[in-house]
Amino acid sequence: QQQVKQSPQSLIVQKGGISIINCAYENTAFDYFPWYQQFPGKGPALLIAIRPDVSEKKEGRFTISFNKSAKQFSLHIMDSQPGDSATYFCAARGGSTLGRLYFGRGTQLTVWP
Amino acid sequence: DTAVSQTPKYLVTQMGNDKSIKCEQNLGHDTMYWYKQDSKKFLKIMFSYNNKELIINETVPNRFSPKSPDKAHLNLHINSLELGDSAVYFCASSQAMNTEAFFGQGTRLTVV
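Chains as they are written, first to last, in the numbering used here: chain A, 0 to 112; chain B, 247 to 358.
Note that these hints are calculated values from the structure, not bench results. Computed from a predicted structure; not experimentally measured. It is possible that some hints are incorrect.
[To be verified] Some chain A residues near chain B, calculated using beta-carbon distances under 10 Å: (1) K14; (2) T86; (3) G93; (4) G103; (5) Q107; (6) W111.
[To be verified] Computed Cβ-Cβ distance ranges for the label pairs, DEER-style: (7) A:K57 - B:S326: 16 to 22 Å; (8) B:H319 - A:N66: 29 to 35 Å; (9) A:G40 - B:A318: 23 to 29 Å; (10) A:G40 - B:M261: 43 to 49 Å; (11) A:A69 - B:N325: 33 to 39 Å; (12) A:A44 - B:S326: 31 to 37 Å.
[Claimed, not checked] Partial selection, computed: residues in chain B whose CB lies under 8 Å from chain A: (13) L329; (14) S340; (15) A347; (16) F349; (17) Q351.
The C-beta atom is built at its ideal place from N, Cα and C for all residues, glycine as well.
Looking at chain B on its own, in the form it has when it is part of the complex:
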């Protein structure tokens, strides 16, 4: 009954590969986010969707593409992975854009 679930929890892949991270929330929330946490634990937003519509698209390489098939899902696809993409990626959701955000457990991506 996890509120915000991400898969996989760990992802190790080689440079140049394409990978996806999936996120699902069962809270009935309208807004979903992707945050990146770097090696120094700094958290920064990447994207947000509200009712499947892209609301925030921070300065993120075009290799990163979010997709929201429905309000409960927000997936993150990454093309041509680079060493610098290694980080922990967190999915989050909130009822609306100005309400409390709930975070998933994170996906630790390691690019070798």
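The shape of chain A in the complex, shown without the other chains:
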């Protein structure tokens, strides 16, 4: 059973545009929601993370919006750049997961000039 559902699978955005990736979860025990960025041939790298006691977190051009009642969270990339082209994974952890991260299936983002 997929613990975290992510959409879209792929996303093409023009340079300067806004990229939006959505995730949904079921387990209300989750209390930590990170986003990872992965470039080809590299490992996932933490981009930004949020806990459910806040509804939004912003770091530079990257913002997480969190809706606890809907059990959804999303990543917004403002002013998208070609260098942002990568695969993005949402994830969730908490409760009795013993540190285990449950990943979404990833979104392949392409930002074209």
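With chain A held as given, fit chain B onto it using these hints.
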């Protein structure tokens, strides 16, 4: 000064062989993990160790055996390799079980 390093980066081997992947972290973390990324890029945890003690053992064939000689190392040994084992294997570490996880560069295993 790589934080989480894995060796080898690429591994091509024949079916039936036994192989090992090594992982070392120099962050002083207590917890280490192995994740598998399949051909569709889906990441799923396989094992985790905390202070050399096995904490998570997902539904993974017995052919996969992790070994943690000390807190800085978590190696993955795979017996009788099968075609379906082909994937990218990532090692990761975190200070504790509920803190940020840092991933290595991955080991691309190809079984032919």
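Hint validity - W111 (chain A) Cβ closer than 10 Å to any chain B Cβ
violated (21 Å)
Please check whether A347 (chain B) passes as an interface residue: C-beta within 8 Å of a C-beta belonging to chain A.
Holds. Min distance 6 Å.
Consistency of beta-carbon spacing, A318 (chain B) to G40 (chain A), with hint 23 to 29 Å
Hint holds: Cβ distance 24 Å, inside 23 to 29 Å.
Does S340 (chain B) pass the interface check with chain A, least Cβ-Cβ distance below 8 Å?
holds (6 Å)
Quick check on F349 (chain B) please, does its C-beta sit within 8 Å of some C-beta on chain A?
The hint holds - F349 (chain B) has a Cβ within 8 Å of chain A, the shortest such distance being about 3 Å.
Any CB of chain B closer than 10 Å to the CB of Q107 (chain A)?
holds (8 Å)
Answer holds if the nearest beta-carbon of chain B is closer than 10 Å to that of G93 (chain A); otherwise answer violated.
Nearest chain B Cβ about 8 Å off; hint holds.
Assuming the hint says 33 to 39 Å, is it satisfied by the Cβ distance from A69 (chain A) to N325 (chain B) or not?
Violated: the Cβ-Cβ distance is about 45 Å, outside 33 to 39 Å.
Taking the least C-beta to C-beta distance, is G103 (chain A) closer than 10 Å to chain B?
Holds. Min distance 9 Å.
Using the C-beta atoms of G40 (chain A) and M261 (chain B), is the stated range 43 to 49 Å upheld?
violated (25 Å)
Interface hint for Q351 (chain B), Cβ within 8 Å of any Cβ on chain A
Interface hint status for Q351 (chain B): holds (5 Å vs cutoff 8 Å).
Can we keep the K14 (chain A) interface hint, with Cβ of chain B closer than 10 Å?
violated (24 Å)
Checked against the numbered hints above, the structure breaks hints 1, 6, 7, 8, 10, 11 and 13 and satisfies the rest.
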